[in-house]
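Heads up: the sequence lines are chains A and B, in that order. Taking numbering that gives the first Met the number 0, the leading residue of the first sequence gets 0, the next gets one more, and so forth. Taking numbering that gives the first Met the number 0, the leading residue of the second sequence gets 0, the next gets one more, and so forth.
Errors might be hidden in some of the hints.
[Unchecked claim] Pairwise CB distance ranges (calculated):
1) A:G141 / B:E174: 26 to 36 Å
2) A:Y15 / B:A103: 52 to 62 Å
3) A:T232 / B:I96: 40 to 50 Å
4) A:G41 / B:L150: 42 to 52 Å
5) B:P267 / A:A129: 39 to 49 Å
6) A:Y15 / B:I96: 21 to 31 Å
7) A:S167 / B:Y242: 58 to 68 Å
8) A:R16 / B:A277: 33 to 43 Å
[Claimed, not checked] Far from chain B, by Cβ distances over 12 Å, these chain A residues were calculated:
9) D22
10) G31
11) A59
12) T88
13) G106
14) E175
15) R204
16) P221
17) F225
Keep in mind that the hints were calculated from the coordinates and are not lab data. C-beta: ideal position from N, C-alpha, C; glycine also.
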Amino acid sequence: MSTDDCLSLENVTVAYRGRTALDAVTMAVPHGGQVAIVGPNGAGKSTLFKALVGLLPLRAGRIELRDRAPGTQAQPIAYVPQREEVDWTFPVTVSDVVMMGRYGRLGWLRRPRAADRELVADCLDELGMADFAGRPVGDLSGGQQQRVFLARALAQEPHVLLLDEPFSGVDVGAKEALLDILERLRRRGITVLVSTHDLQTASQRFELVALLNGRLIAYGPPPEVFTAEHIGTAFGGHALFLEGMMVIDECGTGEVAGGQHRRDHERDVGDA
Amino acid sequence: MIHWLTEPFTLQFMQRALAASLIVGVVCSVLGCFVVLRAMAFLGDALAHAVLPGVAIAYLLGANILAGALVAALVVAAGIGLFSRRGAVKEDTAIGILFAAALALGVVLISTVRSYATDLTHILFGNVLGVSPGDLWLTGALAVGVLATILLLYKELLLASFDPVLAHTLGRRPELLRFVMLVLLALTVVVSLQTVGVGLVAAMLVTPAATAYLLTRRLSSMMALAAVIGAASSVTGLYVSYYLNVASGAAVVLTATAAFLVAFVAAPGRGVLARRAAMRRAA
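Starting from the given sequences, assemble the full structure and let the hints guide the process.
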């Protein structure tokens, strides 16, 4: 690998619940690069993120962040979980949540200092959430909750930001707002990995795409990744090609009654 | 009126009962906030019942009952921690087996003594009027230890309760904090043994904290309010017990339950009335 790479994975193999969920994934992400991770349900997108933040052990292979193992440095990988994984009824305010991003640097038993509070205010300001600082997180809309978690990730001052399915369950306005934020992060040189089902956004708004299904099927600029061959390998029978359009059926991971795949919801449309 | 309020506490054993009840009301309620938010109520109840054999053995050996309970509680906390980390069965199953077995063992041990019925009643439902000065000191020391630990680890416990994944990625060892929670829970159960007994300690852990949850929107204020509710329930319960001549532990728990019911109906925002009004506005 070259020293221009921020994050590099070599032969990364991860087992989840006794089954190999990721098999020998090798890829390198340049500094400030933004990668969309796509693939069918159960392709190992979340597993990849959990391995990157050290929640799942590697069975084989190596992950390097700026040429070192991720656990050995102060500037970590910040992970923004899927919205469904958070308990929104928990009694915490917006600024409480963002302050949690500082805990890693505070150490055990230490109270937040003025500098930490300032940074928290800056992060909230950057995401347009300053007016909500004292509000309970449960009172916010889905898009606002997501921005709070992004602010928390920024408060960690990370080298790498992982966003798990940030586009699902938010409206078009919130999605565009998030893409604007990603654009600003690009200018600040923060490396971003985004897992998504939204192939269209992946192909149109990201410079790099990684297509995953247990193993890395393709990785590179969208036109090189979104070929009929690669899509066919990743999605198998769930991909349908119609006059330059591609329709992917994400419901039929198992067969429905009558042996027919449902195609009526959760379709992803991308350029073939 | 003032005489009516001060009369019960002219007696020394009633003063000790008041002090012990206040300590239990505050400690249970503050720790209870984490019990409620982490859905550990069943675990707390199980831990309470599981101290019974320790109490019984101490009693039979003529040792200090609180010390026996403390040892048993710590052993059980460690056992549950081990079970739930790499158990072959689901956690609530493991807890269910462990606590029923411990309770049975405790009853078997106590039933070998002739004054079985009275002793068992005191352990199960507390005997706050029998708190000795020595008991009060031990209770106070344990309570200070538990509250100081919660205060020192406040931000770690908050993080691990709200977002164990972030806690892990920041190197905050959520599984270690979970074990700390278990030990704190065990100590609190021991502190509560004489006032409300093993049968009702779960109520003191859960009810004031749940009441405070309905009335606040931030963990720090939830803990402060829970402490006030717990202390107020303890004092009110003692008066009820004195003047109506009923069991004190049960009176304290029923007072706390009454406070919860009021909050459940009338709490702004989360109460039944407020939610119904919000639905009517939305309709």
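Task: Outcome for the supplied range 58 to 68 Å, where the beta carbon pair is S167 (chain A) and Y242 (chain B) - done: holds, 60 Å
Open item on the list: Over 12 Å from every CB of chain B: does T88 (chain A) meet that, or does the non-interface label fail?
Closed with: violated, 9 Å
- [ ] Test the statement that E175 (chain A) is away from the interface with chain B: the closest C-beta pair must be farther apart than 12 Å.
- [x] holds, 27 Å
Task: G106 (chain A) and chain B, when compared Cβ to Cβ, separated by more than 12 Å - done: Given that some Cβ of chain B is not farther than 12 Å from that of G106 (chain A), nearest at about 10 Å, it is violated.
TODO: Could you tell me whether the CB distance from R16 (chain A) to A277 (chain B) stays inside 33 to 43 Å?
DONE: holds, 41 Å
Task: Non-interface claim for F225 (chain A) versus chain B (Cβ beyond 12 Å) - done: Holds, because the least Cβ-Cβ distance between F225 (chain A) and chain B comes to about 31 Å, which exceeds 12 Å.
Open item on the list: For A59 (chain A), is the shortest CB-to-CB distance to chain B above 12 Å, so the non-interface label stands?
Closed with: A59 (chain A) is indeed farther than 12 Å from all Cβ atoms of chain B, at 22 Å.
Open item on the list: Please check whether the beta-carbon of R204 (chain A) is more than 12 Å away from every beta-carbon in chain B.
Closed with: holds, 27 Å
Open item on the list: Assuming the hint says 52 to 62 Å, is it satisfied by the Cβ distance from Y15 (chain A) to A103 (chain B) or not?
Closed with: Distance hint for Y15 (chain A), A103 (chain B) is violated at roughly 39 Å.
Task: Distance restraint hint 21 to 31 Å, applied to the beta-carbon atoms of Y15 (chain A) and I96 (chain B) - done: Once the Cβ atoms are compared, 28 Å apart, the range 21 to 31 Å for I96 (chain B) and Y15 (chain A) holds.
Task: E174 (chain B) and G141 (chain A) - C-beta distance against the hinted 26 to 36 Å - done: Holds, at about 31 Å.
- [ ] Can you let me know if the beta-carbon spacing of G41 (chain A) and L150 (chain B) is within 42 to 52 Å?
- [x] About 44 Å separates the Cβ atoms of G41 (chain A) and L150 (chain B), which means 42 to 52 Å holds.
Going down the numbered hints, you'll see the structure goes against 2, 5, 12, 13, while the others check out.
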